[in-house]
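Chemist: One letter stands for each residue in the lines below.
2 protein chains.
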Amino acid sequence: MQHSTSSALVVSGWHRMSYSFNDNTLISQHLESLIRKLHAFVGTAVTQDRYIVFGAGSTQVLSAAAYALSLANSSSSHSPTRVVASVPYYVLYKQQVEYFNSEKFKYEGDAHTWRNRSESDASTNVIEFVTSPNNPDGLLNKAVLHGPNAKTIYDRAYYWPHFTPIPAPADEDLMVFTLSKLTGHAGSRFGWAVVKDETVFNKMVLHMQVNSIGVSKDTQLRAFKLLKAILEEGTQIFDFAYQTMKSKWERLATTLSLSNRFSLQKINPQYCFFYNKVRESSPAYAWVKCEKEEDKGCYAVLKAATIIGRKGNVFGSEDNYVRLSLVRSQDDLDILIQRLQKLVLEEDGAISM
Amino acid sequence: MQHSTSSALVVSGWHRMSYSFNDNTLISQHLESLIRKLHAFVGTAVTQDRYIVFGAGSTQVLSAAAYALSLANSSSSHSPTRVVASVPYYVLYKQQVEYFNSEKFKYEGDAHTWRNRSESDASTNVIEFVTSPNNPDGLLNKAVLHGPNAKTIYDRAYYWPHFTPIPAPADEDLMVFTLSKLTGHAGSRFGWAVVKDETVFNKMVLHMQVNSIGVSKDTQLRAFKLLKAILEEGTQIFDFAYQTMKSKWERLATTLSLSNRFSLQKINPQYCFFYNKVRESSPAYAWVKCEKEEDKGCYAVLKAATIIGRKGNVFGSEDNYVRLSLVRSQDDLDILIQRLQKLVLEEDGAISM
Chain L
1 MQHSTSSALV
11 VSGWHRMSYS
21 FNDNTLISQH
31 LESLIRKLHA
41 FVGTAVTQDR
51 YIVFGAGSTQ
61 VLSAAAYALS
71 LANSSSSHSP
81 TRVVASVPYY
91 VLYKQQVEYF
101 NSEKFKYEGD
111 AHTWRNRSES
121 DASTNVIEFV
131 TSPNNPDGLL
141 NKAVLHGPNA
151 KTIYDRAYYW
161 PHFTPIPAPA
171 DEDLMVFTLS
181 KLTGHAGSRF
191 GWAVVKDETV
201 FNKMVLHMQV
211 NSIGVSKDTQ
221 LRAFKLLKAI
231 LEEGTQIFDF
241 AYQTMKSKWE
251 RLATTLSLSN
261 RFSLQKINPQ
271 YCFFYNKVRE
281 SSPAYAWVKC
291 EKEEDKGCYA
301 VLKAATIIGR
311 KGNVFGSEDN
321 YVRLSLVRSQ
331 DDLDILIQRL
341 QKLVLEEDGA
351 ISM
Chain Z
1 MQHSTSSALV
11 VSGWHRMSYS
21 FNDNTLISQH
31 LESLIRKLHA
41 FVGTAVTQDR
51 YIVFGAGSTQ
61 VLSAAAYALS
71 LANSSSSHSP
81 TRVVASVPYY
91 VLYKQQVEYF
101 NSEKFKYEGD
111 AHTWRNRSES
121 DASTNVIEFV
131 TSPNNPDGLL
141 NKAVLHGPNA
151 KTIYDRAYYW
161 PHFTPIPAPA
171 DEDLMVFTLS
181 KLTGHAGSRF
191 GWAVVKDETV
201 FNKMVLHMQV
211 NSIGVSKDTQ
221 LRAFKLLKAI
231 LEEGTQIFDF
241 AYQTMKSKWE
251 RLATTLSLSN
261 RFSLQKINPQ
271 YCFFYNKVRE
281 SSPAYAWVKC
291 EKEEDKGCYA
301 VLKAATIIGR
311 KGNVFGSEDN
321 YVRLSLVRSQ
331 DDLDILIQRL
341 QKLVLEEDGA
351 ISM
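Protein chains in written order, with UniProt numbering: chain L, 1 to 353; chain Z, 1 to 353.
By construction, these hints were calculated from the structure, which means they are not laboratory data. Be aware that a few hints might be false.
Chain copies aren't distinguished; within one or between two, either way the pair holds.
Okay, derived cross-link-like pairs now, DSSO-like style, lysine-lysine, Cα gap no bigger than 30 Å in a straight line [to be verified]:
(1) Lys106 to Lys203
(2) Lys106 to Lys94
(3) Lys203 to Lys311
(4) Lys203 to Lys94
In this text, all values refer to a predicted model and were calculated from it rather than measured experimentally.
With the hints as extra help, turn the sequences into a complete structure.
Modeler: In structure tokens:
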């Protein structure tokens, strides 16, 4: 709101009516070049000699990537490509692969269970989704599977200085980003991939064509205005967002530090090139563990205290885990902290009896 | 451009940031109710007691419909659902079904070839795409397949008074519309379906969720402004668009009426309830036939005259057909008419020699 003039958008009724831009692509070159500038400024990704493809949020980009990296056809000579992710994982990968129900790929669960098998089973193509920082636990995950048949899709949605130290510009073969977790404009549905290989890029462009004939031009215009406003302000919006996330995390960590019943994920401090110093993490989510055997239905324990999280098993994990979101309003966080404090106080009370 | 004030859009930087609207849906209720009003005003569709789902252009809505109408799972007990359309058909239906490569459905070509087989083969589910008015030939197609296992997706993209007489409000189980062919704002990627069955509607909503977490809120806002401007002006924009399309069609028909080499599709006049009179059609595309045996590569014949159409076989038809688009600028149409006139004159010249 502090940058209302630079971030506001005015669109004439007849503006940008056609499918494509003047260069006949579905992608605004102005927006693409702004994205490259932003990655260079923040140091989040190498974009030189890389292709960029847009989608309706990272959601659409992720499925485009899965289709693009699957084998051309899974005829009888090939098994469907295995799609895996390390537990705990963002559930959308699984949902999408199962929903599309394509002969090209099958969701096969935890990447770790395939670690030793992948080399012996060299004929099967594997796609590993790597979320880094991870949703739900904020860790800077790396790929578990390697080898000639292992391909990775790095979901870099949270790889911005307000959520994590930035140890180096990411330089994986296929990286996915989203406006939603950069500026908070989830409703605009704008995501993009940075892609090394031209064939993979072309397949992703085809995916966008067949799925939705590209991304709304209104959305591209909005994203352009927002990213331009960010770049004009230098580090300001990141400073603001980092302070906000850090303060939320510290309040939560302080509250739960008094508890024997609940624990939080540990994220080690790391050098951040954007801030030129070692810094703590400030993750988007708390990955809360109920430590006691009798609390293994952790979701129900928190729900009884009117805290609605997301169950561990949604992330392929055990139900003694619950994810709590910190990308909510300050009001929501205040209420969360109050209710957690009450839970922790009750816990102390029980011990002192 | 004549309604620049009512159709312009201003968006604050922080406006509509979140995934959902205040009622926790991904769909603007204001926009939905405006769509119902528009259908009632123009008489294009029955929307009372119907559900409405939004997508990124009709493109995304069409694939959502195909997934929603396919059987829940195509286990060994079920064959994949057959997807068909009458030749000539809009190629996207085929492209999508083949691209997604789902175990749920298979593209099986021309609906007519399944007409007599469908009853005897009662265990197989069939989805028929019916484009009405049809792309490429502008005819008000009806479903070819009937029976308990036959479901239809009516693509009503061109069912507006500028492209066709409106004999009655459409009232099929599942009808798909798009802003692109209503106002021309293809770049905004906004389409919707009007759906009778709640289960089918819910499946389509799920599709949008898994695919892209709904439609860009920027796009929904833009569509709202545009549809509101249309309704405020009464019949004005339709009058303008009808006159424009009619004049294009008449110029083309006049030009080709002198030819023995090229012919155009015949569309019979029909009573239009919107205009309260019998009127000619004013289709979006010319479905040109090269009449002579030696011209059966019709695309090449026109290309030699620097007219780039779309080949008949793209629409499942023979290559003595070519589709020419009339939803282009006046400048493009002027050039097209000039070049066609030249072709027709040469034809006469050859005859007189």
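Chemist: Against each hint, give a clear statement of whether it holds in the structure.
Modeler: Hints, one by one, checked against the model:
no.	hint	verdict
1	Lys106 to Lys203	both (19 Å within a copy, 21 Å between copies)
2	Lys106 to Lys94	both (9 Å within a copy, 23 Å between copies)
3	Lys203 to Lys311	between (35 Å within a copy, 24 Å between copies)
4	Lys203 to Lys94	both (21 Å within a copy, 18 Å between copies)
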